[in-house]
Amino acid sequence: MGTIYDLRKRFGDKDPIGEAKKYVAELTAAEKESNKKVIVEYSPTVFIQKNEQRSYNGGYLFLQNIYYELGLDYICKKIEKKHKNKYNLSEILSHLLYTRLLYPGSKLSSLEDARKFLEQPEEDIHQVYRALSLLATEFNEIQADVYKRSLKLGKRDTSVVYYDLTNYFLEWEEEGGLVQYGHCKEGRPLPIVQMGLFVDRDGFPLAMCIEPGNKAETTTLKPMEEIL
63 MGTIYDLRKR FGDKDPIGEA KKYVAELTAA EKESNKKVIV EYSPTVFIQK
113 NEQRSYNGGY LFLQNIYYEL GLDYICKKIE KKHKNKYNLS EILSHLLYTR
163 LLYPGSKLSS LEDARKFLEQ PEEDIHQVYR ALSLLATEFN EIQADVYKRS
213 LKLGKRDTSV VYYDLTNYFL EWEEEGGLVQ YGHCKEGRPL PIVQMGLFVD
263 RDGFPLAMCI EPGNKAETTT LKPMEEIL
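Oh and the sequence shown: position 159 is 221 in our numbering, straight run, nothing missing.
Simulated from the structure, these hints should not be mistaken for lab results. Source: prediction; values computed, not measured. Just so you know, not all the hints are guaranteed correct.
To be verified - The calculated lysine to aspartate or glutamate pairs, modelled on EDC-like cross-linking and capped at a C-alpha distance of 20 Å, are:
hint, residue 1, residue 2
1, K277, E237
2, K83, E95
3, K84, E95
4, K217, D264
Unchecked claim - Here are the simulated distance ranges between beta carbons:
hint, residue 1, residue 2, range
5, S117, V222, 43 to 51 Å
6, S117, T281, 47 to 55 Å
7, K146, L259, 51 to 59 Å
8, K112, T220, 50 to 58 Å
9, G121, V86, 27 to 35 Å
The beta-carbon is built from N, C-alpha and C at its ideal position, and this holds for glycine as well.
Please take these sequences and the hints and turn them into a complete structure.
In structure tokens form, the structure reads like this:
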């Protein structure tokens with residue numbers, strides 16, 4: 063608090079020593095109050111109601127930052143204006159992305175897992191499936207916009223690019239749409255769907271495609287080159 067001269071200047075005609083002691087006592091009391099133990103009462107007769115949620119997951123907030131940096135919310139708004147859908151496309155897409163990384167599973171389980179988040183989902187499973195169909199129609203445009211925005215976040219080394227094609231088998235025997243019989247890399251006699259992926263020199267994705275299972279691997283490369 064300073065010298066006796068400083069105390070006299072601060073407290074004027076009052077007893078400087080007495081006022082200083084009083085001030086110190088107030089600070090000590092305030093510190094004790096802030097460090098006081100808090101006792102929480104617990105009643106063993108009170109139960110949590112069935113289906114009542116008491117815990118929430120906030121880990122997705124780190125992913126949310128990347129989501130907005132890539133402009134996916136803005137991309138969804140552009141798509142909504144074009145198609146005039148009646149659900150929140152950005153909310154559905156973000157929840158699907160977060161849960162795919164945090165709780166890999168089906169679309170139905172993704173919706174249930176999203177209810178663990180601090181921000182609760184408002185969509186239902188029917189809206190999720192409709193949103194997936196809408197996103198599929200804008201697939202190439204979404205990829206192009208995300209790539210352009212990724213350039214603002216860091217340098218992309220495309221002096222060398224790599225391409226690979228893999229496939230996924232389905233445990234039924236009927237063909238239809240993308241699901242066709244082809245060369246399964248696991249050697250299973252089941253219909254497959256193929257996915258091609260371009261990555262840059264550092265291994266970061268550039269573009270991808272989904273192809274029918276009966277399409278030759280070499281013929282999937284040319285359309286992907288045109289996209290790039």
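Right, here's what the structure says about each hint:
Distance hint between K277 and E237 is fulfilled; the C-alpha atoms sit about 13 Å from each other, no more than 20 Å. This hinted pair checks out: K83 and E95 have alpha carbons roughly 18 Å apart, not beyond 20 Å. The straight-line distance between the Cα atoms of K84 and E95 is roughly 17 Å, inside the 20 Å bound, and the hint therefore holds. A C-alpha spacing of about 10 Å is found between K217 and D264, which places the hinted pair at or below 20 Å, so the restraint holds.
As the Cβ distance of S117 to V222 is approximately 46 Å, the hint placing it in 43 to 51 Å holds. Here the CB-CB span from S117 to T281 is close to 50 Å, well matched to the stated 47 to 55 Å. Between K146 and L259 the CB atoms are about 32 Å apart, so this pair departs from the stated range of 51 to 59 Å. Taking the beta carbon of each, K112 and T220 are about 55 Å apart, inside 50 to 58 Å as hinted.
Our hint of 27 to 35 Å for G121 and V86 is violated, since their Cβ atoms are close to 45 Å apart.
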